[in-house]
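The chain contents come next:
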Amino acid sequence: MMKKLLTIGLVLVLALLVASCGQSQQQAPKAEETIKIGVQGPISGDWALEGQGFVNAVTLLAEQVNAKGGLLGKKIEIIQGDDKGDPKEASLVAQKMVSSKVIAVLGAYNSSATEPASGIYNEAKILHITPSSTATKLTEKGYKLFFRTCFLDDRQGLFAADFITGTLGKKKVALIHDNTTYAKGLADWTKKYLEEKGATVVFNDAITPKEKDFTSTLTKVKSLDPEVIYFTGYFSEGGLLVRQARELGIKAIFMAGDANNNPDFVKNAGVQAAKGAIITTLPMPKDLPYNEAKQFIADYKAKYGKDPESIWTLTEADAFRLVVEAIEKTKSTDPVKLAEYLHTQLKDFPGITGPINYDEKGDRKGAGHTAYVIDEKGEFVLYKK
Amino acid sequence: MQQFFQQLVNGLTIGSIYALVALGYTMVYGILKMINFAHGELFMIGSFLAFTLIVSVGLMNIIPSPMVGLLIVFLFVACLVAILGVLLERTAYRPLRRSTRLAPLVSALGASIFLQNAIMLIYGGGYLVFPENLVPNINWNIGGVNIGLMRVLILFLSLSLMAALYLLVQKTRLGAAMRACSLDHDTARLMGINVDRIIALVFIIGPALGAIAGIMVGLYYRQINFTMGWAYGLRAFTAAILGGIGNIPGAMVGGLLLGVFETIGAGYVSAAWKDAISFLILILILILRPTGLLGERVAEKV
Amino acid sequence: MLANPRKPNKLWYLYLALGAGALIYPLVANAYWLDVANFFGIYVLLGLSLNIIVGYVGLFNLGHAAFYAVGAYTTAILSTRFHVPVLLLLPVSAILAAFVGYVVSRPILHLRGDYLCIVTIGFGEIVRITLNNDPFGLTGGPNGIMGIARPELFGFRVYQPLHYYFLIWFLVLLTIFALKRLENSRIGRAWNYIREDELAAAAMGIDVNRLKLLAFMLGAGLAGVAGNIYASKMTVIAPESFSFWESVVMFCIVVLGGPGSIPGIMVGALGMFVLPELFRGFVKARMLVFGLAMILMMIFRPAGLWPAQRYREAVREEEDKRLPADQELKTTSGGLKG
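One line per chain: the protein sequences are A, B and C, in this order. For the first sequence, our numbering gives the first residue as 1, with consecutive numbering after it. For the second sequence, our numbering gives the first residue as 1, with consecutive numbering after it. For the third sequence, our numbering gives the first residue as 1, with consecutive numbering after it.
Heads up, some of the hints might be wrong.
[To be verified] Far from chain C by the CB rule (all over 12 Å, computed), these chain A residues:
1) E33
2) G45
3) N66
4) V93
[To be verified] Per the computed footprint, the stretches of chain A lying under chain C, defined by three or more beta-carbons under 8 Å from a beta-carbon of chain C, are:
5) 110-116
6) 179-190
7) 354-360
[Claimed, not checked] Derived Cβ-Cβ restraints for the label pairs, each shown as a range:
8) B/F4 - A/K377: 35 to 41 Å
9) A/K365 - B/Q3: 43 to 49 Å
10) A/G169 - C/I95: 53 to 59 Å
11) B/F76 - A/P263: 50 to 56 Å
12) C/V92 - A/K125: 34 to 40 Å
In short, the hints are calculated from the structure, not lab data. None of the values given here were measured: they were computed from a predicted structure. From the three backbone atoms N, C-alpha and C, an ideal C-beta is built for every residue, glycine too.
Work the whole structure out from these sequences, hints included.
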């Protein structure tokens, strides 16, 4: 028995040794044949949908590029890394990406997974673009190779506050978030700008994501009698919230942030309840003049038989297109040169989510938020006063 | 006051789902003294199977009467999940009956991970949405308190199922056999009870009730996803412990109470803190009454 | 019941081989595999800490991530706000986590096995929710805390995977050495006695409650140490790193490896952490395979991959004593009443 275990132990150690040797050696010669681009995101776990959206978007675009003969005469190879949204896994994925010699990594969905990865990529001089991590701190470290294709939360908060106090002319607001980095950030910014504009925030609390019953929170909101309810979390909860609010007889205007810009918001809520709900978001692809957007959505539907999973699927696609653009323009796959190009020469790149420009920190300039309202057919139409 | 009653109604709706799921935990615990951590996944699978029947198969279009259609969904899915429950017991738990108390716990966690990911691979990682108006959307307003038809149905169905189970366990010969098994397997066997069959029965009833709860969640909230078994399972397990695990009325009381704690916590303190509040109350109750609210004081035999 | 003095001799060869392997490893491993070894080391530390509670004393604890979190957040808060050196925070984190362990376990020690299980789950959730809700602006809410400092020793800054490899495995070795001593001490033997038969232990004059408390405090303190290392290694911590799932992983490390057995914990951590890492190629299906592996493992090796010596001997004696006629009856009741 003892001997057997001893052997098992030794074999395991050897296996690890061999695995690590093999890993470090076999990659080196292959790196020349393809251009490797990493996709990092929560492919499994709670946010599996978003991570799989990343992979879908990038796979689709990479196939298109490869079908046209690739970049600089080389094919693009996609390396997937599942971080489950967990910081520890994210740092391991990052190390793995580095050792598979990728030139760029697109991703990490949540800010707390992007943070530890960004340090590792920066040290290894790999271009790193996150499509969805909006924490302001990420771009404050002076990493030259770090970019994002999403806007910071404060722009949307400002837009929402302007919209509520200006366009709608309301003063009494209830904010509901879900205690995720993104939703809480958006709620806090909105609160700040609302109060600057003289509105009162009567309620600001979190629901628990992945739950189904929010009637307790809504009953409390009802008793405070707000004119507007602004929900900053995700469509899966947003749809349930608006329906349960209407069932409880809440008449207030229901508004929701850009993570609710998803057809499933209406499906979850039911057309009856969703009607009249207002969504603050970047303009939707169908309302964008860009052919890129329409083309991407159509291709995505043709390949996967469904709409893109969320707005972040589109920003991930933009991240990939940025890398392609930079490689084509610089005729180089050196991440440092690519980053320099994005910082200095990129101008109004026609992104799926609108024109893309970068400031020196790697944040996307400008913001083009707008408001949609859901009509009686359950369609998202541009809000007109 | 009106707000309080509304919260009470909200709490009872949530709580009756917890209670139904909690029955599965409590019955398995009563007989096998093990926590079936995979029970939440069976609940989740129930709602996914119902989704398949209603949306993919289009059962409601085939059968003219929605009432009959739903009845078929409930019965068929409950049977399927019951079979799955028995299979689970056979493969993951029975081989471990002789081993330590820790081993079945880990096996159950493994089964839970396995089932959850199997569903994710089959149905995808996203949310599935049930069609609207399977149950007519009727709302009553009684003194400012809103009560929907579906909520009444959930509460009614849960309570009647629980009552039926209670009668089964307390008044029938089969129930007597179950109670005997929960006290002592060896003695029960000497009395001519087929212990394995009783265990199988427990793994039929528990998962079937869980599946029914899952279908009701699908019908009422209309939105299901593969991780929901974990969330509901943990709450239901808490409810079972709160009432006194191994005790059937305890699971009902625990479930309803937990639902009310949650809504009161969310309504009067903060929704972000509500789970912390529920757990705090649970811990306090257990410190004062170490075997739960209705649990019997059993001298521990170590 | 006591460890056979002849047995450990054979183990020495294994330890020697492992030690040699551990020294060669950094020479051949790249940064990724070094980091795998680093996180493996952290999980070994966590497994060892939980093993004190679950393995030695036999108390259910499914909320161990809470103590890990206390250690990590103590380090993070004191490092980012007051710029206390991270290495100095190592004992501070340990002491604070141990203190929390004391406060939490004191009122709940009298609970029976499964009730203890849910109470520890509840405690773990309370801690996670508290961290997520950012009380007094201390924990940073869902964003967590970023920018935690790296440890520094005599001007040498520990930041590369290779540095951490040596720091972490030095701590692991130190812990194993200390635990080995503890196992065979009066306290260790008393713990095992409590696990095997609490009533008899009490009757023999063992202060059961005090020893249980001690186990909780030591286990929590060691988890606090792991939290400190984790925080400085990651430089960012967030509540989702300390979820219920993390407690489940630690629990499985102990039970899969072999409760009460130090080499078992290492094998368990290997199984729970390194194997899924090797499965990374499967991406989507890897957790499916993993769940299946957990079930199979328990069916074929219910006492763990590397059962503790005491445990194995106890089982063998039991089997020897049992008459064939007995065995049939034992099948139904064995283990049910714990």
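Are all C-beta atoms of chain C more than 12 Å from that of A/V93?
For A/V93, whose nearest Cβ neighbour in chain C is about 8 Å away, the distance does not exceed 12 Å, so it is violated.
Return holds or violated for the Cβ distance of C/V92 and A/K125 against the range 34 to 40 Å.
For C/V92 and A/K125 the Cβ distance comes to about 36 Å; the hint holds.
Confirm or reject: A/E33 is not an interface residue toward chain C, with every Cβ-Cβ distance exceeding 12 Å.
Holds, because the least Cβ-Cβ distance between A/E33 and chain C comes to about 20 Å, which exceeds 12 Å.
Quick one: are B/F4 and A/K377 within 35 to 41 Å, going by C-beta?
39 Å, holds
Three residues or more, CB to CB closer than 8 Å: is that satisfied between the stretch 110-116 of chain A and chain C?
holds (count 4)
Checking the smallest CB distance to chain C, is A/G45 really beyond 12 Å?
Incorrect as stated: the minimum Cβ-Cβ distance to chain C is 8 Å, not above 12 Å.
Are there at least three residues in the stretch 354-360 of chain A whose beta carbon sits under 8 Å from a beta carbon of chain C?
violated (count 0)
Given a hinted range of 50 to 56 Å, is it respected by the beta-carbon distance of B/F76 and A/P263?
30 Å, violated
Within 8 Å of chain C's CB atoms, at least three CB atoms from the stretch 179-190 of chain A: coverage verdict:
holds (count 5)
Do A/G169 and C/I95 keep their Cβ atoms within the hinted range of 53 to 59 Å?
With a Cβ separation near 57 Å, A/G169 and C/I95 satisfy 53 to 59 Å, so the hint holds.
Holds or violated: the 43 to 49 Å window for the beta-carbon distance between A/K365 and B/Q3?
46 Å, holds
Would you say A/N66 is clear of chain C, with no C-beta pair closer than or equal to 12 Å?
Consistent with the label, A/N66 stays out of reach of chain C, its closest Cβ about 21 Å off (over 12 Å).
The structure fails to meet hints 2, 4, 7 and 11 from the earlier list, while all remaining hints are met.
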